[in-house]
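Q: Now for the letters of each chain:
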Amino acid sequence: MNFSELLIIALAAIFVQNFIFSRFLGLCPYLGVSKQLDSAIGMGASVIFVMSLASVVTWLVYNFLLIPAQSNLFYKIFNLDVEKIPDLRFLRTIAFILVIATLVQFVEMVVQKTSPSLYRSLGIYLPLITTNCAILGVSVLNIDSEYNFIESLVQGFTAGIGFTLALVLMAGIRIRLDMAEVPKPLKGLPIAFITAGLMAIAFLGFSGLSLE
Amino acid sequence: MTLSGELLKGIYKENPVLRLALGLCPTLAVSNSVINGIGMGTAFTFVLLGSNIIVSLIKKGVPDKIRIPVYIVIIASFVTIADLFMAGFAPKLHKALGIFVPLIVVNCIILGRAEAFASKNSLGRSILDAIGMGIGFTLTLVFIGFFREFLGDGKVLGTPVMGSSFEPVLLFILPPGAFLSLGFLMGFLNWIDSKKVRK
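Same order as they appear, the protein sequences are chains A and B.
Residue numbering for the first sequence follows the working numbering, beginning at 3 and increasing consecutively.
Residue numbering for the second sequence follows the working numbering, beginning at 36 and increasing consecutively.
Be a bit skeptical, because a hint or two may be false.
In the BS3-like style, the derived pairs of lysine-lysine whose C-alpha atoms are separated by at most 27 Å in a straight line are [claimed, not checked]:
no.	chain 1	residue 1	chain 2	residue 2
1	A	K115	B	K100
2	A	K37	B	K48
3	B	K48	B	K155
Simulated from the structure, these hints should not be mistaken for laboratory data.
Bound conformation, chain A alone (with noise of 0.2 Å):
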């Protein structure tokens, strides 16, 4: 494990294959939330705090219930041999979904019973989050690039600073918007996607940048 790999994969995740413009994950509540300044900064810091949290423990669930390997608790528990441990990796889209739905609903409860300031800026955000596409595919994507532990939480917790970064750029262009002249039958929807067209050109930018 070396640290100059991590920070290609936290600039890769931040900037390279931006979860918004590079990777189209996400969007629902990227046109939703960012209208206004405040509600976009609530929604980023609910969506890096769900998405670290849901890389860590989709990675362990991954590793130590689905795959048929020595990790396995099945494995550990029923002394069982390696061939006979059952393969449920097909699982893995409900478990993770399951997974995902339950943590965003105990973080919710954690929240509200600890905190109840952080509960009112941050809660209207977190149910909506169970079905950001983001936070399924950052789990999906550590499994697939095959990353260990460390990896998957750095790749969940910058993918979330660039999905703020985005958030918040994008709203502070949508306040300005609203007191433009736009032709009207691109007002609202059709406009955003277009300023994110040209915001999504910016950050092609970012794809010359070598990272080995």
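Following the hints, complete the assembly by docking chain B onto the known chain A.
A: Quick look at chain B alone, frame taken from chain A:
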């Protein structure tokens, strides 16, 4: 609403992507060619049809408080079926669609239809609604895919049609092209609607 209206509303009047702005992630990510659009649209329609049928059948037995988790499990099961089926029979397409096949599970159109339509309507209407919405989604993907493939690559369905002197607008195959195409398409539909109202 008449039965044919139930089927047709998803295609234009209540098109899930262009009118309701749902299911945007796969729309933008997968619409870089017509073939990908058809593949994604088919998998999506299968999952939507399956989930609408089951949700409509069990709507009376599901307690109100846990209905969302129940719907998610139903949808996830159908996504797993579609995922494994595609991996087995269309491995190339499965690879091209990549992570967006398992991500059908968080496509807000499917959960939205289960919650807003199938849990309140009869089986027949739910099936028609699913087919209509599925066709609407597929057509949108194919339409955007056609433009992006044509402008960005000079190809239609993978065959070059523009001759060698055509310089492709590479931008349209890249991510920004997806945002721009969808933005202008939505704007165009709004423009058509405003014309209709004036008449």
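Q: When the hints from earlier in the document are held up against this structure, which numbers fail?
A: The structure conflicts with no hint, since it agrees with every one listed earlier.
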